[in-house]
Amino acid sequence: MSTTTQALRNRATDARTAEDFDRRDPDWYVDKLLAGIVFVCGISAILFVLGIFFFVTKEGIGFVFEKMDFREFFLTPYWSPSDAEDPEYGILALMAGTASVTGLAMLVAVPFSLGAAIFIAEFASGKTREALKVLVELLAAIPSVVWGFIGLVIMNPLLIKWFDIPVGLCVLNAGIILGLMAAPIMTSIAEDALKAVPDRYREAAEAMGATRWQVIYKVVLPAAKNGLLGGVLLGVGRGFGETMAVLMATGHAVNIPNSIFDSVRALTATIAAELGEAVVGGEHYQVLFTIGIFLFLVTFIINLSADLIVRGIRKG
Amino acid sequence: MATANPTMFQASDLNQHNQRVQQRYRLLFGLMTLLLITPVLLILGTLVVKGGAAISWEFLLTAPTNGMRTGGVFPALLGTIWLVTVALLLSVPIGIFAAIYLSEYAGDNWFTRTINLAIINLAGVPSIVHALFGLGAFVLFFKFGTSILAASLTLAVMTMPVVIVATRESLQAVPQAFREACWNMGATRWQTIRRVVLPNSITGILTGVILEVSRTAGETAPIMFTGAVFFTPFLPQSVFDQTMALSLHLFVAATQVPEIAEQVPFGIALVLIALVLTMNSLSIAFRMWLRGKKKW
Numbered sequence: 106m107s108t109t110t111q112a113l114r115n116r117a118t119d120a121r122t123a124e125d126f127d128r129r130d131p132d133w134y135v136d137k138l139l140a141g142i143v144f145v146c147g148i149s150a151i152l153f154v155l156g157i158f159f160f161v162t163k164e165g166i167g168f169v170f171e172k173m174d175f176r177e178f179f180l181t182p183y184w185s186p187s188d189a190e191d192p193e194y195g196i197l198a199l200m201a202g203t204a205s206v207t208g209l210a211m212l213v214a215v216p217f218s219l220g221a222a223i224f225i226a227e228f229a230s231g232k233t234r235e236a237l238k239v240l241v242e243l244l245a246a247i248p249s250v251v252w253g254f255i256g257l258v259i260m261n262p263l264l265i266k267w268f269d270i271p272v273g274l275c276v277l278n279a280g281i282i283l284g285l286m287a288a289p290i291m292t293s294i295a296e297d298a299l300k301a302v303p304d305r306y307r308e309a310a311e312a313m314g315a316t317r318w319q320v321i322y323k324v325v326l327p328a329a330k331n332g333l334l335g336g337v338l339l340g341v342g343r344g345f346g347e348t349m350a351v352l353m354a355t356g357h358a359v360n361i362p363n364s365i366f367d368s369v370r371a372l373t374a375t376i377a378a379e380l381g382e383a384v385v386g387g388e389h390y391q392v393l394f395t396i397g398i399f400l401f402l403v404t405f406i407i408n409l410s411a412d413l414i415v416r417g418i419r420k421g
Numbered sequence: 002m003a004t005a006n007p008t009m010f011q012a013s014d015l016n017q018h019n020q021r022v023q024q025r026y027r028l029l030f031g032l033m034t035l036l037l038i039t040p041v042l043l044i045l046g047t048l049v050v051k052g053g054a055a056i057s058w059e060f061l062l063t064a065p066t067n068g069m070r071t072g073g074v075f076p077a078l079l080g081t082i083w084l085v086t087v088a089l090l091l092s093v094p095i096g097i098f099a100a101i102y103l104s105e106y107a108g109d110n111w112f113t114r115t116i117n118l119a120i121i122n123l124a125g126v127p128s129i130v131h132a133l134f135g136l137g138a139f140v141l142f143f144k145f146g147t148s149i150l151a152a153s154l155t156l157a158v159m160t161m162p163v164v165i166v167a168t169r170e171s172l173q174a175v176p177q178a179f180r181e182a183c184w185n186m187g188a189t190r191w192q193t194i195r196r197v198v199l200p201n202s203i204t205g206i207l208t209g210v211i212l213e214v215s216r217t218a219g220e221t222a223p224i225m226f227t228g229a230v231f232f233t234p235f236l237p238q239s240v241f242d243q244t245m246a247l248s249l250h251l252f253v254a255a256t257q258v259p260e261i262a263e264q265v266p267f268g269i270a271l272v273l274i275a276l277v278l279t280m281n282s283l284s285i286a287f288r289m290w291l292r293g294k295k296k297w
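Read top to bottom, the protein sequences are chains E and H.
Take the first sequence: its position 215, counted from the start at 1, is 320 in this note's numbering, and no numbers get skipped.
Take the second sequence: its position 83, counted from the start at 1, is 84 in this note's numbering, and no numbers get skipped.
What the hints contain is simulated information worked out from the structure, not anything from laboratory work.
Among the clues, some could well be false.
Stated by the list, open to error - Straight-line Cα separation of at most 30 angstroms, DSS-like style, residue types lysine-lysine; simulated pairs:
no., chain 1, residue 1, chain 2, residue 2
1, E, Lys238, H, Lys51
2, E, Lys300, H, Lys51
3, E, Lys163, E, Lys232
Unchecked claim - Here are the in silico distance ranges between beta carbons for each label pair:
no., chain 1, residue 1, chain 2, residue 2, range
4, E, Arg176, H, Asn67, 49 to 57 angstroms
5, H, Thr256, E, Gly156, 40 to 48 angstroms
6, E, Pro216, H, Phe241, 47 to 55 angstroms
7, H, Gln238, E, Phe159, 56 to 64 angstroms
8, H, Ser239, E, Pro216, 30 to 38 angstroms
9, H, Gln238, E, Arg176, 49 to 57 angstroms
10, H, Pro94, E, Lys163, 22 to 30 angstroms
11, E, Glu311, H, Leu28, 17 to 25 angstroms
12, H, Pro94, E, Gly156, 16 to 24 angstroms
Cβ coordinates follow ideal geometry from the N, Cα and C atoms, glycine included.
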């Protein structure tokens, strides 16, 4: 009888039961405990997002239910919250301010960041590429309050000198600042999207005799389309939600802009500037939180669509 | 026998045309990259030149004087250190555990997608909305008052995605075979994470933590109403005190103080940028060193 069958027979007659394989030693309990902790931390992001929505709504909901007239709130441009007798809360002008600044910023930033991403991902190589990537990453790290300061003390006098205007704090100033701010972020997202296109696509095209540009234009760009669009959307979200830079560079005047040299005021900046003087729980305070709910919902939708668009690429 | 076709290896007109088109686009995109980077470098250069004049040990180590018109930034610098330290103590452990969950425990299903979406949102919600959240939740609801604790909690929630994303990436870079080998020795899931996965990814996690320091130090809006004040003559003694902060100090010096000596705000901006960029460079250098060292 071979040893193997002997061993098998022993095992078959072995009296060990399931209990012997039960290893509820301290390590087992530690494992279970940590699995629990890890899970709680894992879902913390969801809890925090819900918490943000809950607490911002909690402070602002009183106004929404009791006094808010949706038509007046969204469709009139009159914002005079500190008027003692008849305060007016119309955010149309503020929305116009945010939209004009974000729009101009994207006009500046989107083509340049896509161009830069294509150059870094497809044309540059070796040391140039590494250096550019590091530089873009560092530029993305400059804090927004520093950008605001730049808009205030460097761009402002430059614009006054170049365009001969009385005040240089305007849509143009904030648009440029916001564009410069969003561009590095969009560049690195777009570069990631281009890098995510498998190399065998490029190799196949090159084997057919395509030049580098033909490969990019006919193969890489169509394949990376969704990722690029997602990156642009995230950039829009960034610009839309930016606070300090917009507060300092727009001129902070409630105004529907007629030209890029007009001063405007953004939704985010309004909260930042007025929350300090609003009485906690008062109407003005609640209105500022209502704007917060609006900002939260809009960025949520932007982020959600960016996520869905990028995900489309993986399924297709 | 057959003589080689002399034109076989010559570029045809079409080839040459395509080459020219490629060169043109290469130049165009290169110029765009340059145009994107040059203005920022010029601006940074201006800040360094103008702010450099203000920087001295005295500037870093004394308090503002004469109604903030002159003097140094010491209370603001110290306040930023307080805020960043407390925020990191809160967000780094939770962030690392969250990344462990996503990388080691979570399956590829709708629940994990929801968590990922929440992380993207946490990073994408406007900073001023985080400020409203911090005010409503930590200052008023939990009654911490405007304090370092409330401000740091707000910052922690806001910047946590930085740690989560960096940690998750470095955890996922550890080969699956390492884990399987450990499991086969009878180790529990946590023992495997603690003894094999974390030691192999700790440097990558550290890059994320350094990045978070930089993000946290630069934020202004979330701390404006939760714990940072324009000016206070007192240095913070505990997490329940209010404090000045470098980022808010720059905003105040640039917009709220009339007749301020011109080099003061430039000096503050330079200190802030130097702090943030040093942290980022450190993180990048760390990552490159790590990549060169990687054994698998």
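Checked hints:
Note on Lys238/E and Lys51/H: the hinted pairing holds, with a Cα-Cα distance of about 27 angstroms set against a maximum of 30 angstroms. Restraint check for Lys300/E and Lys51/H: not satisfied, since their Cα atoms lie roughly 39 angstroms apart, outside the 30 angstroms limit. Taken as a hint, the Lys163/E and Lys232/E pair is broken in the structure, with Cα atoms around 52 angstroms apart against an allowance of 30 angstroms. Distance hint check for Arg176/E and Asn67/H: the Cβ-Cβ separation is about 51 angstroms, which falls inside the suggested range of 49 to 57 angstroms.
The supplied range of 40 to 48 angstroms is broken by Thr256/H and Gly156/E, whose beta-carbon atoms lie about 31 angstroms from each other. Restraint check, Pro216/E to Phe241/H: a C-beta distance of roughly 50 angstroms satisfies the suggested window 47 to 55 angstroms. Checked against the hint of 56 to 64 angstroms, the pair Gln238/H and Phe159/E fails, with Cβ atoms roughly 33 angstroms apart. Restraint check, Ser239/H to Pro216/E: a C-beta distance of roughly 51 angstroms breaks the suggested window 30 to 38 angstroms.
Under the hint 49 to 57 angstroms, the C-beta atoms of Gln238/H and Arg176/E, about 51 angstroms apart, fit the expected range. Our hint of 22 to 30 angstroms for Pro94/H and Lys163/E holds, since their Cβ atoms are close to 28 angstroms apart. Look at Glu311/E against Leu28/H: about 21 angstroms separates their beta carbons, and that is inside 17 to 25 angstroms. Pro94/H and Gly156/E have their C-beta atoms about 18 angstroms apart, which keeps the hinted 16 to 24 angstroms range intact.
Against the hints set out earlier in the document, violations occur for numbers 2, 3, 5, 7, 8.
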